[in-house]
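Trainee: Dock chains Z, E and F against the given chain Y, drawing on the hints supplied.
4 protein chains.
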Amino acid sequence: MHKSRLEAFSDGVLAIVITIMVLEMKVPHGTTFESLHAVLPVFLCYVLSFIYVGIYWNNHHHLFQLVKDVSGAVLWANLHLLFWLSLLPFVTGWMGENHFERTPVMVYGGVLIMAATAYLILVRALITHHGKQSALARAIGSDIKGIISIVIYGVGIVTASLHPWLGAGVYAFVAAMWLIPDRRIEKTLPS
Amino acid sequence: MHKSRLEAFSDGVLAIVITIMVLEMKVPHGTTFESLHAVLPVFLCYVLSFIYVGIYWNNHHHLFQLVKDVSGAVLWANLHLLFWLSLLPFVTGWMGENHFERTPVMVYGGVLIMAATAYLILVRALITHHGKQSALARAIGSDIKGIISIVIYGVGIVTASLHPWLGAGVYAFVAAMWLIPDRRIEKTLPS
Amino acid sequence: MHKSRLEAFSDGVLAIVITIMVLEMKVPHGTTFESLHAVLPVFLCYVLSFIYVGIYWNNHHHLFQLVKDVSGAVLWANLHLLFWLSLLPFVTGWMGENHFERTPVMVYGGVLIMAATAYLILVRALITHHGKQSALARAIGSDIKGIISIVIYGVGIVTASLHPWLGAGVYAFVAAMWLIPDRRIEKTLPS
Amino acid sequence: MHKSRLEAFSDGVLAIVITIMVLEMKVPHGTTFESLHAVLPVFLCYVLSFIYVGIYWNNHHHLFQLVKDVSGAVLWANLHLLFWLSLLPFVTGWMGENHFERTPVMVYGGVLIMAATAYLILVRALITHHGKQSALARAIGSDIKGIISIVIYGVGIVTASLHPWLGAGVYAFVAAMWLIPDRRIEKTLPS
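Protein chains in written order, with the numbering used here: chain Y, 1 to 191; chain Z, 192 to 382; chain E, 383 to 573; chain F, 574 to 764.
Here chain Y stands alone, though its shape is the one from the complex (with noise of 0.2 Å):
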């Protein structure tokens, strides 16, 4: 099967996911600079989400560059992903109104770990379907890096249970690791 359609339905789920999550922040009912402040802690939130949903698109983009065809599995694979992403703007909205307090900022790390877990299964079962032998696997190596970000985002949510504002910055200390675009890939590719 080709790839096209399911890229082309990801690029969608993931522009309404971006996009949609801005509804969240509710027009202020004041007129003054002052009625922004209460909505500073939700357009936190959404910056965060953004970035997020940007390094997403970013991998899925890079990784779908090295595919050839994909499977039934890859397909539900990718299904998988996209529900995760797609809780976002939930638990966006839920961590910003309530000004990053404790419940929500850990949910909200357990969605990360959520969506992290189902890129590495996403990135499993491509290697299945192309072979160990194929560029893909090749330029994917291992997935040390995914890895690492699901214990830290563990490592988040154990923090935000103490203090939430800094578990928070943890999440976002991953972003920061991951704005870099995947340079496995990078490299691979024919320039």
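Quick caveat, the hints were computed from the structure, so don't treat them as lab data.
Backbone N, C-alpha and C define an ideal beta-carbon position, used for all residues, glycine too.
Hints should not be assumed to be uniformly reliable.
Claimed, not checked - To spell it out: a stretch of chain Z is covered by chain Y in this simulated footprint if at least three of its residues, at any positions, have a beta carbon under 8 Å from a beta carbon of chain Y; those stretches are:
(1) 204-212
(2) 215-223
(3) 239-248
Mentor: Coordinates of chains Z, E and F only, in the frame set by chain Y:
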């Protein structure tokens, strides 16, 4: 007529349907794990509907691999399918917010029956357009799986009128039955 | 300029317009079949608007089959059409929630007139760009069907000022008239 | 890396931004023409923002006609632009619901400045990637029009602090200035 815009438009509608359903999950007012309990039924409905849209997208994807071009009748049969799928966010929200009460569960099943019927009509319109001797017609064969699904949805609606949760379980069973992608077509595709 | 991004952007906007209209159908509070009655007028409006967006997408699809490339004027004529269609969710919700009262039905007709006019302008812009001797210009011929539609919409608005439901019936009649895709272009396409 | 997915993703985000803005226009409770008056300021804001998104989509379209491939830096510069444009529904709703009061109009101008700056950064990233001798670099030349726009937005913000409606008029003036598509690139394209 080319099939590419029909695919792009369907991908767009399905991507939006699958994503706006999450908007039915209202951010809870509390900030404890208990406050998530109130969202749990809507979340379960969301998972079920997400899987259903995923199945339809998957089967649509498989089906159109064998489609060469489309006619006016195919365009409208496709829009008819998208119409019933676009009602999923509405019935998902209704069923979830009312914690799987009788009538919403029955209406949810009614929408599933209409969507499944619309899919059968779409398949028929494609076979009429391509001819009974086409690769598409041979790959589809009989629509036995689709017809069985409609019968089981009917059983689910009757069950729901007695035990709503059991009725929802019947719908989940049909979803599980379809999680395996349509082998009929994958077999026919040149490898 | 290539036409592909104009098509993709239009598909995106129309897919979103057709899908967010369903958000105007608010989940009812009751859980009986009777509680669905309150949603029925919005549902009927949704069906009508869904068919209208389907018609526009269909005709847009047909029209652009013959388009070779696009100019700046075509881009803006297309955006102008999308603007009026993007108002459909608003007037659909207004007409439906007020059970087809006089003013909302008349305003709905006004939006239909503007969208139909915008479509005529788009066709003219395309003919200007391709030349009067082009396959496109010959396929379109006169815009008689579009002009008749605008006249009937006007009749519908006047009718609505007296009998709102009858006015809505007139709009439904025009929709039925257009359900048959544009044969002018299908005839011209190489089979 | 290919540019096609960047274009598809951008088209998706812009299509959603342009369409969900209409959701800020709440269906009025009354059913008279007078009840539409309350919606008028939001409608005017919607028209202005619709035109702005149209301009960005148009210029993005023109710009990427000359783009051959994209780098990681370009992907992020593009996401950065989409981020600021995704804030348009929020500021549109805020400005409209408060009938063009001072602070919302000033904040709206601030978002316009950020979006225009993000566009300049995107153009710079593309030129860096393609080289100063590329057709793209020669077609762009200096970014004088973009820089002038930013200056006028600044004038608009200062004006808005004194006469909010006049400030909004300044933004409308810049929009009018851009309605003419970017001739620099159209001239360079092979006809």
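Trainee: Which hints from the list above does the structure break, by number from lowest to highest?
Mentor: none
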